[in-house]
Amino acid sequence: MMEENKDTVKDVDFWATNSEEGGWNISSTDEGSQKMLEQEDEVTTKIQMGSEVIDDYFIDDDISDDERMILNMGPQHPSTHGVLRLQVELEGEVVRRVQPVIGYLHTGMEKTGEELNYFQGPTNTTRMDYLSPFFNELVFSLATEKLLDIEVPDRASTIRILMTELNRISSHLVALATGGMDIGALSMMIFGFRERELILDFFEKTTGLRMNHNFIRPGGVAADLPDNWQKDIEKILKVIPEKLKDYDEMLLDNPIWQGRLKNVGILTTEECLAYGITGPSLRASGYAWDLRKMQPYSGIEKYEFDIPVFEEGDVFARWRIKVLEIFESLKIVEQAMGNMPKGPFKIQDKKITPPPRKRLDESMEALIHHFKIYTEGFKVPEGEVYTTVESPRGELGCFIVSDGSSKPYRMHVRGPSFCNLQALPVVMSDSPIADAVAAIASLDPVLGDVDR
Amino acid sequence: MFSPDNIFTTTIDKAVRWSRTQSMWPVTFGLACCAIEMMAAGSAKYDLARYGMEVFRASPRQADLMIVAGRVSQKMAPVLRQVYDQMAEPKWVIAMGACSSTGGMFNNYALVQGVDHIVPVDIYVPGCPPGPQSLMHGILTLHQKIMDREINR
Amino acid sequence: MKENLEISIEDYFQKVEELKNDGYEMMVDLTAIDWFRKKEPRFEVVVNFLSVSKNKRISIKVKLNDELTIPSITSLYPSANFYEREVFDMFGINFENHPDLTRILMPDDWVGHPLRKDYGTGRIPVQFKNAPKVD
Ligand code: SF4
Chain A
1 MMEENKDTVK
11 DVDFWATNSE
21 EGGWNISSTD
31 EGSQKMLEQE
41 DEVTTKIQMG
51 SEVIDDYFID
61 DDISDDERMI
71 LNMGPQHPST
81 HGVLRLQVEL
91 EGEVVRRVQP
101 VIGYLHTGME
111 KTGEELNYFQ
121 GPTNTTRMDY
131 LSPFFNELVF
141 SLATEKLLDI
151 EVPDRASTIR
161 ILMTELNRIS
171 SHLVALATGG
181 MDIGALSMMI
191 FGFRERELIL
201 DFFEKTTGLR
211 MNHNFIRPGG
221 VAADLPDNWQ
231 KDIEKILKVI
241 PEKLKDYDEM
251 LLDNPIWQGR
261 LKNVGILTTE
271 ECLAYGITGP
281 SLRASGYAWD
291 LRKMQPYSGI
301 EKYEFDIPVF
311 EEGDVFARWR
321 IKVLEIFESL
331 KIVEQAMGNM
341 PKGPFKIQDK
351 KITPPPRKRL
361 DESMEALIHH
371 FKIYTEGFKV
381 PEGEVYTTVE
391 SPRGELGCFI
401 VSDGSSKPYR
411 MHVRGPSFCN
421 LQALPVVMSD
431 SPIADAVAAI
441 ASLDPVLGDV
451 DR
Chain B
1 MFSPDNIFTT
11 TIDKAVRWSR
21 TQSMWPVTFG
31 LACCAIEMMA
41 AGSAKYDLAR
51 YGMEVFRASP
61 RQADLMIVAG
71 RVSQKMAPVL
81 RQVYDQMAEP
91 KWVIAMGACS
101 STGGMFNNYA
111 LVQGVDHIVP
121 VDIYVPGCPP
131 GPQSLMHGIL
141 TLHQKIMDRE
151 INR
Chain C
1 MKENLEISIE
11 DYFQKVEELK
21 NDGYEMMVDL
31 TAIDWFRKKE
41 PRFEVVVNFL
51 SVSKNKRISI
61 KVKLNDELTI
71 PSITSLYPSA
81 NFYEREVFDM
91 FGINFENHPD
101 LTRILMPDDW
111 VGHPLRKDYG
121 TGRIPVQFKN
131 APKVD
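Chains A, B and C supply the protein sequences, listed in that same order. 343 is the number that the working numbering gives to position 343 of the first sequence; each next residue is one higher, with no gaps. 112 is the number that the working numbering gives to position 112 of the second sequence; each next residue is one higher, with no gaps. 93 is the number that the working numbering gives to position 93 of the third sequence; each next residue is one higher, with no gaps.
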């Protein structure tokens, strides 16, 4: 088999360049599937089959090569959640090997992050994981604040918690919606996005944008909550649980849904730890690890909520845990609304946060500070810092190296999806290709977070 | 002078243009953040079905419109072109969002600075991300454009 | 809660092995820093470990020599796979014994390592002059 392929490699370009559809040379992106066959040494195969940890893979020697097929899913594929590309080796209908190919959304944000100063930084990071923009802003702001060694006012941290937890709800809703759609429950798609609009409306009212808000900034938040914000939150608190019950009615006891998802794409705790999987997927595999409880940030330790944990580790558990987490987040939102402290919403340090617009007409000093911050930013002491928050997909970390100037010397974001994606071979291999889609959806990768 | 031929051709012309606008099926080409807004536009509250556009086709052969929603990286560019080439004529392209129109805030090595470097673009929708309303405005403008132009482009 | 260690490249693999036996179950992050013309040696690799049982973090920093080679820890922590590939792609650091050290984010035929400091941003100047007036 190896020999045959060596010969065909030369001819790969043929059908790509001479196709009738215009001669666009796609050889550079298509080499991969040929390579996959070449890489048959033991270690690589092991990684692609995900059998690093638990060796549950048996190769049937008498399967003929005719039944082996390499299938290319993506990068433009409706159910890979963006531009993920998978090379799948099939034996009949069973997935044997998987190789995720990523990078189709590489935006060079870490490089751009080195060019923007700390004040502009959240604009950049918020666009990474576009389903949970507030978390990205929060983790960047926390890192900067740690370097500056400042504490934000209580109101700011409470607003942060409020916004991030709402964001967790909206992100999980999208995960449920697209996950449902991938499996064939198309009404989930409509429902999920409908409820999400409710939250996005509140976001738009507060921050001015539906996504990519740049609202949480080093030193606090960009603006105060709008008037009568409690009303909107109350509406959210009232509507979403009702609708979630609808989902449960539709799906939870639905035998088709259960039969489709139970015992599919199992991840054990050991596998999760070995592959660095965090977030709902780890909790669905029976390990109660939530950074909100273990390594709290922004005063989230003051709130009362539970961490749902499941033992099964299958797709059903991962779906269920997201539903339950929405309820927990609603609890936090309710508490945050009840205990919203009064006071400033950003730290009163002229060097770090710009003065309010009104002051500019009155005070020359304010004008100078404003100008300084917006043109130059603020200087941050030398040092290195790694901060983490619990994003809807797992541990979101931000690593900043400062050299004392107003721009980060190196800015690295540890995206949870990037790490979680490595588990795809584990969840997909040795199961039918039809289950693969369910498995991808349950891991909930956001490609913006993977490729950055 | 009254000429029956003329009336006949204009009517066909109009009918063709009209039918093109009424069910313009987009190809799913969601790339980044903008894709989420595109999905939001397709679902309950904004409901692209009003324009006969709710069927996002996975296969480019069945699609008339490519909404490039999101940033196009250097690695994605050949794929994008491939999908565009596979679409059957007549076809249109909407560049949705700042990134696909101009590269947006990411002026760096990794991104194609504007999708018009690789495919011809009919409508640019500004915003980061453009809300579903903006996208719909872009789509309606495209409809207008189709209605105003010749049928053989 | 968080420890920082700096170790030499010879001890690196052994130290990671010790950590693994010590109960640091997860390797959460691996990245590099390029101190171009600022510090010698030029590259540093930073690895973050997390122990979920002890609720502790530890970060290891390794200074690289001119060969830019460091042992891969994929055999100990499978999660290092993508991270090492990313660092290889972005900084051009080689990981010995890595099973599949290829470019991960950039296209296969890309030249250069974008996150190095001597690699330009690739900015295309935006021209505002002579743009048609809008009125
Ligand atoms: S224009 Fe904005 S929202 Fe759209 S892809 Fe680019 S960064 Fe994301």
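Misleading hints may appear alongside valid ones.
To be verified - Distance ranges between label pairs, derived from CB positions:
| # | chain 1 | residue 1 | chain 2 | residue 2 | range |
| --- | --- | --- | --- | --- | --- |
| 1 | B | GLY52 | A | GLU304 | 45 to 53 Å |
| 2 | A | LEU71 | B | ASP47 | 31 to 39 Å |
| 3 | C | ARG123 | B | ARG61 | 53 to 61 Å |
| 4 | A | GLU376 | B | SER19 | 55 to 63 Å |
No lab work stands behind these hints: they were computed from the structure. For every residue, glycine included, the Cβ atom is placed at its ideal position computed from N, Cα and C.
Evaluated hints:
1. Remark: the range hint 45 to 53 Å for B:GLY52 to A:GLU304 is upheld by a beta-carbon distance near 49 Å.
2. Taking 31 to 39 Å as the suggested C-beta distance range, the pair A:LEU71 and B:ASP47 conforms, at roughly 34 Å.
3. For the pair C:ARG123 and B:ARG61, the beta carbons lie near 38 Å from each other, so the given range of 53 to 61 Å is not met.
4. A beta carbon spacing of about 57 Å between A:GLU376 and B:SER19 agrees with the range 55 to 63 Å that was offered as a hint.
Comparing the model with each earlier hint shows a violation of hint 3 alone; every other hint is respected.
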